[in-house]
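Colleague: In the order they appear, the protein sequences are chains A and B.
For what it's worth, the numbering used here labels the leading residue of the first sequence as 4, then goes sequentially.
For what it's worth, the numbering used here labels the leading residue of the second sequence as 16, then goes sequentially.
Just so you know, these hints were derived from the structure itself, not from any lab.
We put the beta carbon where it would ideally sit given N, CA and C, even for glycine.
Each statement offered as a hint is correct.
Think about it this way: if two alpha-carbon atoms lie no more than 30 angstroms apart in a straight line, the pair counts; the simulated DSSO-like pairs of lysine-lysine are: (1) A:K84 / B:K414; (2) A:K84 / B:K410; (3) A:K12 / A:K240; (4) B:K32 / B:K410; (5) B:K116 / B:K272; (6) B:K237 / B:K271; (7) B:K272 / B:K117; (8) A:K12 / A:K91; (9) A:K12 / A:K29; (10) A:K91 / A:K240; (11) A:K90 / B:K414; (12) B:K263 / B:K117; (13) B:K250 / B:K233; (14) B:K250 / B:K272; (15) A:K127 / B:K32; (16) B:K421 / A:K90; (17) A:K29 / B:K414; (18) B:K410 / A:K90; (19) A:K12 / B:K414; (20) B:K421 / A:K29; (21) A:K91 / B:K414; (22) B:K421 / A:K12; (23) B:K421 / A:K192; (24) B:K421 / A:K84; (25) B:K250 / B:K64; (26) B:K170 / B:K250; (27) B:K421 / A:K91; (28) B:K410 / A:K91; (29) A:K192 / A:K127.
Just the calculated beta-carbon pair ranges, DEER-fashion: (30) A:R82 / B:R21: 15 to 23 angstroms; (31) A:N236 / B:S342: 39 to 47 angstroms; (32) B:V398 / A:T211: 54 to 62 angstroms; (33) A:N236 / B:R21: 45 to 53 angstroms.
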Amino acid sequence: MNEEIIQIKGLTKRYGYGDTESFALKDFDLTIRRGEFIMIMGPSGCGKTTLLNIIGLLDRATSGEYILNGEDVAGISARRKARLRAKKIGFIFQNFNLIQDLSVLENVALPLVYVNRPRTVRLKNASDTLRRFHLQEREYYLPSQLSGGQQQRVAIARAIVSDPEIILADEPTGNLDSRASISVMEELKSIHEEGNTIIMVTHNPALTVYATRVINMLDGQIATDIKTVSDQNLPQKIEVKRTRGKAKKTRNSRRKR
Amino acid sequence: MAMLFRTHLRLALTSIKENRTRSFLTCLGIAIGIASIILILSLTGSVSKLITDEISDIGADLIVVRPSTTKDSITTIVEELTASNSFQKSNLAISDVDEIKKLESVTAVAPIAITHSTLTDEENTIPSATILGTTVDFNTIEPQTFRYGGFINDKNHENSVVIGPSLSLHLYNTTNPVGRTLLFHGERFIVVGVMENNDASINFDNVDFDSALIMDIKVLEKLVGSLQVQQINVKVATTSDLEETSSKIRETLIEKKSGDTNFTVSYGDDISHPASALLNIISGMLSLVAGISLVVGGIGVMNIMLVSVAERAHEIGIRKAVGASSSNILMQFMFEALILSILGGILGIALGYILAIFASSITPFAPYISWQIIAITFLTALVVGVIFGIYPALKAASKNPIDSLKHYR
Chain A
4 MNEEIIQIKG LTKRYGYGDT ESFALKDFDL TIRRGEFIMI MGPSGCGKTT
54 LLNIIGLLDR ATSGEYILNG EDVAGISARR KARLRAKKIG FIFQNFNLIQ
104 DLSVLENVAL PLVYVNRPRT VRLKNASDTL RRFHLQEREY YLPSQLSGGQ
154 QQRVAIARAI VSDPEIILAD EPTGNLDSRA SISVMEELKS IHEEGNTIIM
204 VTHNPALTVY ATRVINMLDG QIATDIKTVS DQNLPQKIEV KRTRGKAKKT
254 RNSRRKR
Chain B
16 MAMLFRTHLR LALTSIKENR TRSFLTCLGI AIGIASIILI LSLTGSVSKL
66 ITDEISDIGA DLIVVRPSTT KDSITTIVEE LTASNSFQKS NLAISDVDEI
116 KKLESVTAVA PIAITHSTLT DEENTIPSAT ILGTTVDFNT IEPQTFRYGG
166 FINDKNHENS VVIGPSLSLH LYNTTNPVGR TLLFHGERFI VVGVMENNDA
216 SINFDNVDFD SALIMDIKVL EKLVGSLQVQ QINVKVATTS DLEETSSKIR
266 ETLIEKKSGD TNFTVSYGDD ISHPASALLN IISGMLSLVA GISLVVGGIG
316 VMNIMLVSVA ERAHEIGIRK AVGASSSNIL MQFMFEALIL SILGGILGIA
366 LGYILAIFAS SITPFAPYIS WQIIAITFLT ALVVGVIFGI YPALKAASKN
416 PIDSLKHYR
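With the rest of the complex left out, here is chain B:
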């Protein structure tokens, strides 16, 4: 058996080498599909790695409360993306923050509420800036590094704001606007701090801090009216309190909302998963395209194998006449298809990582390489080879030797 295995391998390699161009083009079909899968997995892998790293930076003493709206349904995501204001139907309220803060072992609570609105100063107007409403505790939970100034504090939080470096550039054409004012909903605020460029547009708060304005949530609510709290970050005293505190938060909120359980309380690695709706859509679309191109690649393998079987009908007849069984012939052609798709797979993995490295130079996503991704894509290539190789191989095996021998070329 092992001997036949080696013989078939040798035969398949010979046949592939003889038809170099054709084999390469077939491999390329598989390779493109595999490369796009690698790219997607590398992308999503690096995104969740970014968030996991961030959480471990912040510390393991974090609990996150999120509304669990029907965010998984496509229409909600699309609605959210197309609306200029992202109206999440959150059932978290600002009053929940005070409720959570009353709990023992909770040291800091910071809600995250996002809205988009117009900002103006003397010269420039930003039509739809990201406004983040939170509390003074925000800086305790996620300490920000400041290029100039500092975070809002208990004394100045009613009329002060903190802005990101790129917003600073857009609004004031300078990196240091500390002390300058801006107009927001008819009120004048003083910029007390500019954050350092942190380049982490993907984070567990789902906010791009570089181009955001941070202000007190109660002041923001007064100005804007209704406000959706998209997340509440809670810091506990010690990590051993995580489990107990999170269940207490859950109980308190259920009681307060009279039985409504449409929210999640998570800590540790669970925090990292819902990164960004946009990312989900992009990787979903890419997966679909990759899947389609893989099917097309597979059809290419099948097509070439059918040609090969037709071309070699005479050979099949001869082999059968000298003693090859149908399963011998099946194996021979199966091997050929498998080798084509395996070569395509290897080529695709290489190509995928080259693309991922290229992508990393223009995005914040470092290529994420793990043996699991390589194993999964390699297996996928193998499965494609089996699925699309079996029909031509069966066709070859079922050829009648007498008819095939008449196929004299």
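Chain A with its partners taken away, still in its complex shape:
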């Protein structure tokens, strides 16, 4: 059985004081195992994005416990948080959030800058990752020259280029048409099949077919939590650090058949 990668206990996020006090998260508990593909649903303002930002170490909880990969990260320094974001977390956003002045290749290589990889290694890794998303011939395009679906696939490539522990996706299909949505979801699915942990916020109930676990949130708390795949059957992590190219090939050949 896969180990628990995230343990959250009694997490509370409060905005404002006194009369204006409101809670985005209230006494929130959640345990996530490696290999899970979690979809978080719920009405606007129920705290989905806040939860994602706290898991992604972009935001700080008012109180509560957060253990990431065995390390208590609730009170660590901003510098350490940045290190963890660079190494362990990949972000995918609704509006893609690519840097418009940088080429597709440089955008994908961006996280590797902050884990101190040499430039040649960065560009090589980024190029390998882009190839898997069939965007290699677009390497030197600017993001604005790509379609929405392509931009989001570039963003996914950026999220996985440093081989993170968790991938956080905040409505990745929110700005896409249904065709592009499907291609993006297929990419996420294949990443998940390699044993990656994905936490995704969505408004689209049709997408829950991809998930192994669906969480419905309401007013900063969990309303329902349904696992569609048992913990034993979660995909095992494939060692992809050096063999990502090969893994892609076998997958492609499988598709062709």
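Place chain B on chain A using the hints.
Modeller: Then chain B, alone, in the frame of chain A:
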């Protein structure tokens, strides 16, 4: 670390290249400040070089006695400049010259006393000519080259004068007035010599010889009345006597003036420093202007960096989300500011020397280039970059990634 360094450098260069015009104008602000500093340092450097060269020409066996009045105070300098007669409150007297001459190992003593007065000959009148009173020894200490005639000597010094070439032209409309006379304070003097054009308006005597009249100091005192001795030049027999003789001069003068120590006795390189009050004022004013323009240039850097930070809020958010720490962001923007000011510095150094070369064509100051000047100005540019780059960089680094990501353009 070295890797991040290179990455930030590349990033900064890219960002500067993308905003070419804006970056150039920002650099120009710094460059103007740096150029004026170069110009000032080159000017003052060349002036002190002129004097040092002159002293080494004359020889190392020179001692100079100067009154140390409150010349460093601004009001004295201004007073001196605005007064038609430069009344230095000198405490040196003509009698000091004889006192010094009595000392052993002293071979020649020449006082320098300046006054301004009217000169007339048959045709022309010079209203405020520079009159230099000295002794016959003057030519021994500072041998002058003569176009015509020679210096005043022990026989003719009571009624003879020597004049500079430009004074000669103004007064007689000729370059060779030897043997002609002029009227000064009702007395008639014979011109016995015209000096060669020496083009050294800056020298350790602080006199422009080209337009001066040189005559015997005692004759001058008789005619003018009170006279201020602004300097006494002393020549010693051998250079090894310099130290001993100068302390003897000091003792003798202190004794003679009953304890008054308001004078300096200097030799060697110490002679060259107080060149000209006017030059001090000019370079002081220029320094002030250069400093102000450098501050303005720095504000330009800060302004452009703030714009850059605001424009790239979204980018900062993205970078932070994918793992950039605040210090990474700080470095990125710091580098940009530094490169802008370094480029400005390099441009300014080039511009400054072009101006200095241009200035040298209309003044006697050759451009003085030394690695110290370049190092100082380069460091100044760097410091300006740090000072004015740190605030925008801190502002960028302290941005909250969640808010910055909402900054969707």
